[in-house]
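Given chain A, work out where chains V and E should sit, using these hints.
So you can see what is in the structure, the chains are spelled out below.
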Amino acid sequence: MKQKFFYGALIVSFLLSGVAHYTDMSSTVQFIISAIAIVFVAGFLGKATESVAHYAGQRLGGFLNATFGNAAELIISIFLIKEGLFDMVKASLTGAIIGNLLLVLGLSLFAGGLKYKEQKFNISLAGHNGTLMLMAVVALIIPAMFAGTKVITPKETDTLSLIVAGILIVAYIFWLYFSMVTHKNYLSDQEEMEPDHHEEPAWSKSKSVLFLVVATVMVALVSEWLVGTLHDFTTQFGFTELFLGAFIIAIVGNAAEHSAAVMMALKNKIGTSVEIAIGSSLQIALFVAPVLVFVSFLFGETMDFVFTTIELVAIGVAVIIAKSITQDGKTNWYEGLLLMLVYVILGVAFFLV
Amino acid sequence: MKQKFFYGALIVSFLLSGVAHYTDMSSTVQFIISAIAIVFVAGFLGKATESVAHYAGQRLGGFLNATFGNAAELIISIFLIKEGLFDMVKASLTGAIIGNLLLVLGLSLFAGGLKYKEQKFNISLAGHNGTLMLMAVVALIIPAMFAGTKVITPKETDTLSLIVAGILIVAYIFWLYFSMVTHKNYLSDQEEMEPDHHEEPAWSKSKSVLFLVVATVMVALVSEWLVGTLHDFTTQFGFTELFLGAFIIAIVGNAAEHSAAVMMALKNKIGTSVEIAIGSSLQIALFVAPVLVFVSFLFGETMDFVFTTIELVAIGVAVIIAKSITQDGKTNWYEGLLLMLVYVILGVAFFLV
Amino acid sequence: MKQKFFYGALIVSFLLSGVAHYTDMSSTVQFIISAIAIVFVAGFLGKATESVAHYAGQRLGGFLNATFGNAAELIISIFLIKEGLFDMVKASLTGAIIGNLLLVLGLSLFAGGLKYKEQKFNISLAGHNGTLMLMAVVALIIPAMFAGTKVITPKETDTLSLIVAGILIVAYIFWLYFSMVTHKNYLSDQEEMEPDHHEEPAWSKSKSVLFLVVATVMVALVSEWLVGTLHDFTTQFGFTELFLGAFIIAIVGNAAEHSAAVMMALKNKIGTSVEIAIGSSLQIALFVAPVLVFVSFLFGETMDFVFTTIELVAIGVAVIIAKSITQDGKTNWYEGLLLMLVYVILGVAFFLV
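Listed in order, the protein sequences are those of chains A, V and E.
Residue 1 is where the first sequence starts when you use the working numbering, and the numbers rise one by one after that.
Residue 1 is where the second sequence starts when you use the working numbering, and the numbers rise one by one after that.
Residue 1 is where the third sequence starts when you use the working numbering, and the numbers rise one by one after that.
Bound-form chain A, shown alone:
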């Protein structure tokens, strides 16, 4: 029943989005329809990834899950880079990080906390993730700081950005190796808590691979249609690129993960919610963002790693608050509320700029 509705909505929203694009409807209509479509195609991509991951075995599967997890975000950003909208890319990366750390995590803790007085999860994982997030913040702050002092040329800033991006990717690859190979059992409290992972997948092996390809193509198409509307959309409504990138794009592009995290919290699997929210931010900071720097380099014009002060403060604030709240391995509704309130404060501030 639920399944049928999902696939119906997937196909209808995808087709409508294509029709709106090719019949050149008003930007607002195009934007709304393709924003809805992206939620469903991203969800479909998630299902396909999980199914392929099942057949690929746990190690490769974990890797596939981790890298395809933010595929929608990555693809949208590549189209934004092609359009030269570097500022909106950085705003949407910022938005994805703070959205995951404040809104997704906050909603999960709040919803879970209303149902259960106190929820617990593995403290080691929280500690590691916190340190990794700090490292990501450091890596983002350093190029900005040097670019700000004007002691280095734009060309040197690009070099520094590429080196920092390379180091972040190295850190990310070793993180996968650490968490999936050398210290696999050390970090997880999920094995026991997540029987879902051992469920039979819905599709056969070949069907899963086919669907993964189809889903990726669908995400790419809808992303392109969505990005095409943004310019008109900003001029019409007076939204700043910053607000649009950091809040609208980020929420739409991560909708699938949002609902998964909240579902898990309501099933008292708060550890999984925390991992989805923080893990997703980590992927964006340590993998998606640096990959985009290299992508822009290959496109001919390097997108530097210089985030604005406002973006850096927003990311720094989100990381510090999320780290402080998760470090004791226990959560409650009030902690969730606090995270959401900080998100609202940042949202108001970004909206007013």
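No lab work stands behind these hints: they were computed from the structure.
Each hint should be verified, as a subset may be incorrect.
[Stated by the list, open to error] One side of the interface only, derived from the structure: several residues of chain E facing chain V at Cβ under 10 Å: (1) 139; (2) 152; (3) 213; (4) 327.
The beta carbon of each residue, even a glycine, is placed where N, CA and C say it ideally should be.
Coordinates of chains V and E only, in the frame set by chain A:
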């Protein structure tokens, strides 16, 4: 015996302060006398609040205690706002926060640590308070950051200040609900440790209410007299508004809490000391400060929420150090000394500016 | 065998360094030879200090160890101050702090983590050291912040620098008193883990004192020779003072401690490695740096305590990452890798400036 001395000093200092004000004595004399008087009337207000709280039942009582706890600070600030001394209001809010986190907490840990080798308290409470303080710092930093970038107009800064103030008050109200209703037992190690709360109050119900009214009026009068002297006092001695607000006003206005916290530490109830010190900072950041923004709005000219960089660094530093020291739930004399040394460094810096 | 090689290398490198200096060889040759020599004379000073400490009894011995531990760093810096190279002094202090917290600690955790899956140490110690490092960061930030706002004159900045330096030394002396007298057993997991300390020293009492004097003189001479080459060396190779001070001088001046920390990690005494790395940073921040401020004051021109933003960010980043990684009392290879990667990012940034 002690009681008699207290009431004697209360009445004498209050009357002298009034005489000094109405006979127009020199500002220095007026300042000194009313500064002494404010210590006693604030102490009297504290006693009256506690007594009324006793009759009001635990929940309403807790709320009364919490909101009247910084009544003196609030009333002084309202008179400062009426005089248009916005900078001094912010300086005294800053001073109250760092004074509680560094001086009061430092003195308590130091005094308690000289008597007992190691003192312990409930870690959950420390974690929560730390996160709340971080949120308060975030809320203070964001308007300052945006105002600093000049991308928003003063009018938008006022709007942002009012919204942030509203969100902080929401956070504070839910914090009261969380800590007094849904997770009452979860956070407290005081119930067992504080038999004082169950002592018989000194006054009958009607007397308590009467005294609460009288005490509030006395605090209001002395505050007005004190504030009246400040302008002359700064010009005469060359103290900056910043130093006067952040150190003199803050110490005088919180004297009652200071002595209570140190007393508790010497009775090995370090958890109560920590709660007085951190709880009082929290009230100021999450309740007094935002209420003052609304008060100034009602007076016709909005006091924005834009603290100076120096004030923000001072608050940030105090929160981070206090959080780091309290997060293990164990304290000793050296931690107290460190807090006091940081307070001295900040004091010297504020004095030199 | 190992011993013979060490003393041979010590004497040969020392003599060659002197020959290179007095025969006025090229700056590059002089720099390289004296950089090699400083590693061996610093190692010799370390051995002599330990031997004298053995005879002096545990308390005075601990104090000697702590204060002579960074003698090489201190002596090099005094020669830099005599030459008026204040910026290079601050850069090398910065470099010593981040080198210890990121490179030494990172290498120890990495090497130890490859051999042992998880290594553990006393959490109380880590907490205390973390708080002290935070205090040091605060003390460094405050003068810089005020100097930056231009609200105080250079003369007032000097006064503030001297007062802050004095407070840091007070904090350091009380830290020695706390950790060696009042809470000696509370912080140590070394007593049991470090039988080496109870080994018979290699030399008699009088020989030890003699060697301590000889070693100090040798360090002083080689430091002077090394510093003499720096000016030419920077102009010839285009290295900035910042990079030279923060990376080359800092690595050379702390080489002895580096190898000791890694050795301990490989013997699964990770607590000792952590203490060497963090303890050494603390000595530099709380003792060497403030002493240098007073030394410059005695030389006639006060070196203020105003570090550049880049240096402060580097120190702040190193402290926060190291604190985050050590606060759970457990370490693994990936944490070591992260620390080293952050060091590389900072190194690249400093090199490009």
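Each hint tested on the structure:
1. 139: holds, 6 Å
2. 152: holds, 6 Å
3. 213: violated, 34 Å
4. 327: Cβ of residue 327 of chain E sits 9 Å from chain V, so the hint holds.
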